[in-house]
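Based on the provided sequences and hints, a complete structural model is requested.
In case you want the letters, here they are:
Protein chains: 2
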Amino acid sequence: MAPRSVPEPVLIRGTGLLGTSIGLGLRSAGADTYLSDPSPSAQAVAVDIGAGRPFPGDITASSAASAAVEAGSTDGTTTGAETAPVPGVVVVAAPPDVAGQVVIDSLVRFPGAVVLDIASVKGAIRREVDAAVVGGHLTPAQAARYVGTHPMAGRERSGPVAARGALFTAAPWVVCAKEETSPEAVSVAEEIARVLGATVHRMTAEDHDASVALISHLPQIAASLVSSRLQETPAQSLALSGNGLRDTTRIAASDPQLWVQILAANAPDILEILYGVREDLDRLIATMEEPTAPGARLDIAQLIAEGNAGHARIPGKHGAPPQAFAVVTVIVDDTPGQISAVLQDVGEAGVNVEDLRMDHSAGHEVGMLEISVLPGRKQDLTDALTAQGWKVV
Amino acid sequence: MAPRSVPEPVLIRGTGLLGTSIGLGLRSAGADTYLSDPSPSAQAVAVDIGAGRPFPGDITASSAASAAVEAGSTDGTTTGAETAPVPGVVVVAAPPDVAGQVVIDSLVRFPGAVVLDIASVKGAIRREVDAAVVGGHLTPAQAARYVGTHPMAGRERSGPVAARGALFTAAPWVVCAKEETSPEAVSVAEEIARVLGATVHRMTAEDHDASVALISHLPQIAASLVSSRLQETPAQSLALSGNGLRDTTRIAASDPQLWVQILAANAPDILEILYGVREDLDRLIATMEEPTAPGARLDIAQLIAEGNAGHARIPGKHGAPPQAFAVVTVIVDDTPGQISAVLQDVGEAGVNVEDLRMDHSAGHEVGMLEISVLPGRKQDLTDALTAQGWKVV
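Chains A and B, in that order, are what the protein sequence lines are.
Using full-length UniProt numbering, the letters of the first sequence correspond one by one to residues 1 to 393.
Using full-length UniProt numbering, the letters of the second sequence correspond one by one to residues 1 to 393.
By construction, these hints were calculated from the structure, which means they are not laboratory data.
Some hints could be false.
So these bits of chain A aren't anywhere near chain B, every CB distance computed over 12 Å [as the list claims (entries may be wrong)]:
1. R27
2. R53
3. A131
4. G135
5. E180
The calculated lysine to aspartate or glutamate pairs, modelled on EDC-like cross-linking and capped at a C-alpha distance of 20 Å, are [as the list claims (entries may be wrong)]:
6. K391/B with D333/B
7. K378/B with D334/A
8. K391/A with D380/A
9. K378/A with E348/A
10. K178/A with E191/A
11. K378/A with D334/B
The C-beta atom is built at its ideal place from N, Cα and C for all residues, glycine as well.
See the structure below:
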């Protein structure tokens, strides 16, 4: 029942949200998995919810460092691992700060295994592995078994309890190989991504890091900068908050300890973008200090127009070209069953829901359900819902 | 059938999205409305969709300026308005740049009418009215009939075609009176907001402008700054985009011509906030230039933590204290009826949907439906949906 071309057993080092979810997903695909985490309680929870068996060897964080040091002389046969099974694949799901060391340790400790990591910045780990080759701690053949990957899922939660085997369904999973990487290792990494339901995107570590600096790290910084301004805001101001503020700041609730590792690891790529943002911000501030100066209004309009242009390039659903769906807004009471009743009528009208959101305002027991549909279906749907007695606004 | 204490007829000057929606809403509440817009085609569309009758008097933009100039000598009896009805209320729904002049013109032209405007920045118009009193163009009694208001709805669309009478349902509607404002004018403004289904928030023009600088104008600027960076991004990078980027940049699609007026009118309040943002950004850049310096990591974590703290202050649904709802995520196929089928099962489980969103990824024909529920109901709902065969992740 094991997935084609995933050599078993799979050892997952790190049982946070992602590691545990990988374990659950691989197990439900029929693969044999082992788990290891420096935190005994995190590991126990992951085992309890069925992500795999505890790995019997001693490969905790403290022993990892010494294994890496020993790597020059021994070749992976370390103490305490005698009775341990020999993994065919090691998935390093450790925090970004230590992922590189755990990768190197795994390459040394498990001579035959493909080793992949899933940290959200790829260049720094790649450089650590390359440096270990230069320093004589890894042979080129050992390094060729390493593949850097990044499953782009996470959902603002953390820890094994939040894990779900289907976490990666429909998510992009970036696979970063080098020329020297063994083709077998690459195909194992890609097969794991596919088994878990993700879509493989191949790119270099450099392209990956530049991409996530822009599409993931910059939005996080912007959300945090905006939210930070709300710390002293009077409650009467916040009571006016709408979806604009809510959407712009949603990811500001992220974990500082995780993000400090991500931002520090990708500092050069992020900096290049932040310099551009600072230039735009400086220009906007200068313009707004003299809002009646000649050209000032054009400058402000330019910033918004450039935002329009950049925003229009974000791909639509399913990677389709960006598309403006038509929105049909329905007023619903805040009681169980109301939303499903609306959507049942939408389904009966034969119209597909392309996107969906609730729009709430303070102080009201009603909400607006915004249903995005293909532009050509908007009138049909409006008519059908109105005929069923819904208040379409 | 007219609403209590709204003196009729109501004249709406400006038939964009908001003016037309106000006309539709007042009409469906039984009030008699007239419409006027310098654009004959915009006015004709608004009349056609039933927002009111065309106002017979000549009160276009070009005549407004001369009326204001004449105001010192005449008292509202201007040429061309002889056959026109006498409005009890004038709602100024002109663009922000000209709203002040249209307010002053209306106060002069219609001696008995309560005059309110709905522009999104209030201090600048207030100052124009006050200056007209100082300059002798308005009497204090005329100025006392003016009330500045701001209905916080808009929905990223514009023009009369997008108008809906229920646009203001459950939206905050800020009413800014001064000590000198006639109590009758304030109660008329508040009644109109209530008739249209909005919630009245009373505050000074100064407090309003400081509030919207933070909760509306800053998010717009942040979304535009982030989106602007996407203009040259390779498509393979954008293919990795997730909801983090989509949410943070959603409002970047806004109209540059409208926003240049809003930002210019509220420049001092916005600048004060942007100085703070620039300080934080400069600190972050300096830290990231030396990410291994002592204290650097603490500085980065501090920014994210401050974002957490500010974000946590945004009120929850219905103005309730901020509350972390539990999220149940269900995988749905991209076919008509799937979402309603899930939500019907949610309704049958007796669980109320507190919030709802779709999470799409590029390249897949499935989506994740994220259902927010009260934390105590999460397990029940997960069990109920799993029992019905849904894939809960």
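Now for the hints, and whether the structure bears them out:
no.: 1; hint: R27; in the structure: holds, 15 Å
no.: 2; hint: R53; in the structure: holds, 23 Å
no.: 3; hint: A131; in the structure: holds, 15 Å
no.: 4; hint: G135; in the structure: holds, 19 Å
no.: 5; hint: E180; in the structure: holds, 22 Å
no.: 6; hint: K391/B with D333/B; in the structure: holds, 11 Å
no.: 7; hint: K378/B with D334/A; in the structure: holds, 18 Å
no.: 8; hint: K391/A with D380/A; in the structure: holds, 15 Å
no.: 9; hint: K378/A with E348/A; in the structure: holds, 15 Å
no.: 10; hint: K178/A with E191/A; in the structure: holds, 18 Å
no.: 11; hint: K378/A with D334/B; in the structure: holds, 18 Å
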